[in-house]
Structures are given as C-alpha cells and as structure tokens.
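Residue numbers (this note's numbering), protein chains in the order written: chain A, 1 to 63; chain B, 1001 to 1347.
Keep in mind the hints are simulated off the structure, nothing from the lab.
Fair warning: this is a prediction, and the values are worked out from it, not measured in the lab.
Just to be clear, a hint being listed does not mean it is correct.
[To be verified] For lysine-lysine, the following DSSO-like pairs were computed, each having C-alpha atoms within a straight-line distance of at most 30 Å:
| hint | chain 1 | residue 1 | chain 2 | residue 2 |
| --- | --- | --- | --- | --- |
| 1 | B | Lys-1038 | A | Lys-40 |
| 2 | B | Lys-1187 | A | Lys-40 |
| 3 | B | Lys-1109 | B | Lys-1187 |
[Stated by the list, open to error] Residues on chain A that point at chain B, a partial pick, calculated with CB under 8 Å:
| hint | residue |
| --- | --- |
| 4 | Ala-48 |
| 5 | Ile-52 |
| 6 | Ala-59 |
| 7 | Phe-61 |
[To be verified] Here are a few chain A residues that sit away from chain B, every Cβ distance over 10 Å (derived from the structure):
| hint | residue |
| --- | --- |
| 8 | Ile-6 |
| 9 | Gly-17 |
| 10 | Ser-26 |
| 11 | Ala-50 |
| 12 | Leu-51 |
| 13 | Gly-54 |
| 14 | Leu-60 |
Yeah, the Cβ is synthetic: ideal placement off N, Cα and C, and Gly gets one too.
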Amino acid sequence: MEIPAIVGGGLVVIGAGIGIGRIGGSALEAMARQPELTGKIQTVMLIAAALIEGIGFAALFAL
Amino acid sequence: MRIKPLLITIIFLAVSVCSLYSKETNKKDVRVEYKAFKDHHLKDLHSFKIFYFKKEGKKKYVSFPLPVIIYNSGVIDVFLSSRFYNDKNKKVSYTFNNTVYKIDEKSEKIKATSLTGKPIKIIDFSITKNVVLILFGILLMTIIFVNMAKSYKRQSIPSGIGRLLEPIVIYIRDEIARPNIGERHYKRYMSFLLTVFFFVWFVNLFGLTPIGSNVTNNIAVTASLAILTYIITTFTANKHYWKHIFWMPGVPAPMKIILAPIELLGTFIKPFSLMIRLYANMTAGHVVLMSILGLIFIFQNWIGGTLSFALAFALCLLELLVCVLQAYIFTMLSALYFGAAVEEHDH
C-alpha cells in the first residue's frame, strides 16, 4: 500500500506546530520569571520560530 | 463599555453584506466559480483591474491596461495589454510583427505562436500589475524618506511622518543591526537592512488594500530579495567565514572533509529559506482570507455571512501583524547572515 505524500506533509506540519508551541510556551515562562529580559527572549523566540516555520513550508512545497 | 457599539456595528454590517450576495444560485457552480476567482486573485495580471460593477446583467470593469514588452528573437515588441481584449471584454489574440500573441486562460501568461501556429520562445519583460505596485512602493518610499532626511537638516527632531518612522529606523539600528552584526561593521549594512524592511512592509501592506495586490505572493520577488542577501553576504565575507566553511577549525581532519560540502550547501539554503518563508507566509494569508470570504457565497444565509465577516475581520488584524513580522524576520535573518560573514574570531 502506498502512503500519499500529503500524509507526510501533515506529519511535518504537526511537528512544526508542536515545536512552535513549545517555543512560545517556554518563552512565556521565561518572560514571566524574568520580565527585564523580555526584549531579548522575544528576539530569540522569533528567530527560532521562523526557522521551524521554514521547515514546515519546505515540506509543504516538496509535495 | 466601549466594545458593545463596535460589536453591534460589526454584526449589522455583516448581515447587510451577506444579504447583498445571497441569491438563489446553484451551490456547486458557486463553489467552482469561487475557486477559480480565488486562484485568479493569486496570479500576476497584464492589466490593472480595480473593480467591476454589473450593468444590465453584464460585468463592467473599471481598469487600465499596462504596457506589454516582449523580447522576441532579437526584436523588442511593445504594445498595450488592452489589445488582448475586445469590446465585449473577451480575450482575443493579437498579431504584431508576424507573431500571434495570446494570454493563456489558465496561467495568465503571454504565449506566442507564428502565423502558421508554431510556438515561439519569448522573454516577457512586461510591466505587470506587480511591477506597477513595486514601482509605486519605491516611489512612496523615495518621497517619504527623502523628505524625512531633508527635515533633519532644518532641525534635529523630525517632523510629519518622520516622527512615526524614526523610532522604527532606530529600532532596526539598535536592536537588529548592532547586536547581530557587531559595532565595527554594522554601518555598512544599514542601508540594505532599512530598505529591505520598509520595502517588504510596504508591499505587504498593499496586499491588505482592496486593489488586490499580491507582490510578495510572487516567488520571483522574494527570490530577488533573497539573492541580494546572498550576494551581499558572499562579497563582504572575511577570510574567517570562508575558513569556517571549507576547513572548519577545531575538528578532526576526516570530519572537516564531511563538513565542507554541508557548510557550502548551507550558504545556499539560508537565502532559499528566506525566499520560501516570505512567499509562503503571505500566500497562506491571502488564501485563508479569500477562503473565509468565500463562506458568504457557499452558505448564502445570515449565519455564514456573519461568521465569515467576523473571521475575516479578525484575520485582517492578524495579517497586519504578520506583514510587519515577516518584514522584521527577513531583516533580522539577513542581519544574522551578514553578522556571520564579518564575525572575527581569535583562535
């Protein structure tokens, strides 16, 4: 039986979603503990989220 | 409470909007028609349609034609795109210099054949809708920033729109360029970073206006921006950058041989991911927005209309954020790559 490519795409998107969710959650916790570092944490969070997002899009475009 | 009148206004508007469109039509046809409309919206066009209205059952377009510039085996053919439409707004072919030009129904691209019907290879340099909007963006940026720069000669505090944009310029310098590129080199890259940030932001914002622009939904536009980043990174890199790519210091020799091709590939993947990220984010935004608006035509009752209007309203607000966020990410990652290229190591 052949598994359609879109299933793989869906799996990658689930993975990317979990990843971005974890980044957002951890950043929120860190910001709540150390509000004075909010700016720095936000920058790093956005970069990491953008990199993961790139993987998600790459998977969707490879379909 | 201030929120109440706002909510009432939204619901009232939504109900009135959906009653405008709810007519007795075959639902399956509507679905197919709307899908075609949605796909059409994401394409680059050879004419600039602003809107249309219906008069006596016929569609009347308010639009203006754009110049078509085609390189055809040594000759450059220039004519207006209105030649492709007859009086009844149907697409027709146009014969010019012994070549038959025709706009393809599906892809909206110009196809050329000889008089006998043989296909001819052409290069299309036309001023399309996207090109017009890019030029408009450049014009807008030039006017705003030249005026802003002039205002600093009279007094040290900016006036007019400069008051709004100065904090953003300072933010890019102090939060993006300085920490990522480093105090010594950041000035060289500031002009590129500022240009790319404001350009991406402005063309993204045009996409939210009703003129139906989709400049960054075109992969060629984002590709050119990414190629600029790649060229600047490559040509301003110092010897440490190249050494880290081809002969990574501090790892055993067999590992160095394995790492070199991976690192080399990495230099291409970086601008590639920049291109895909901007393109895919903006396209996804447009597709979702168009799909939500399509709920009005699919449901054709007040529930669907209200739902669609409220969701589209919320999504537009989100898109405003996404526009500036994507511009920020593009600038930020470009700065990171420049920073990696000029970083100095002491080992």
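Hints, verified against the model:
1. Distance hint between B:Lys-1038 and A:Lys-40 is unfulfilled; the C-alpha atoms sit about 40 Å from each other, more than 30 Å.
2. A threshold of 30 Å between alpha carbons decides the hint, and for B:Lys-1187 with A:Lys-40 the separation of about 22 Å falls inside it, so the pair holds.
3. About 42 Å separates the Cα atoms of B:Lys-1109 and B:Lys-1187, which puts this hinted pair outside 30 Å; it is violated.
4. Interface restraint check: A:Ala-48 against chain B, minimum CB-CB distance 11 Å, threshold 8 Å, status violated.
5. Interface hint status for A:Ile-52: violated, as the beta-carbon distance to the closest one in chain B is roughly 11 Å, over 8 Å.
6. A distance limit of 8 Å between C-beta atoms decides the matter here; for A:Ala-59 the minimum to chain B is near 11 Å, and the interface restraint is violated.
7. The restraint placing A:Phe-61 at the interface with chain B holds, with a minimum CB-CB distance near 6 Å, inside the 8 Å limit.
8. No Cβ of chain B approaches the Cβ of A:Ile-6 within 10 Å, the least distance being about 16 Å, so the stated non-interface status holds.
9. Every Cβ of chain B is farther than 10 Å from the Cβ of A:Gly-17; the closest lies at roughly 14 Å, confirming the non-interface assignment.
10. Once the 10 Å rule is applied to beta carbons, A:Ser-26 is consistent with being away from chain B; the minimum gap is 19 Å.
11. Once the 10 Å rule is applied to beta carbons, A:Ala-50 is inconsistent with being away from chain B; the minimum gap is 5 Å.
12. For A:Leu-51, the shortest C-beta to C-beta distance to chain B comes to about 8 Å, within the 10 Å cut-off, and the non-interface label is violated.
13. The non-interface label for A:Gly-54 is inconsistent with chain B: the shortest C-beta to C-beta separation is roughly 4 Å, within 10 Å.
14. The beta carbon of A:Leu-60 sits about 7 Å from the closest Cβ of chain B, which is not more than 10 Å, so the claim that it is off the interface is violated.
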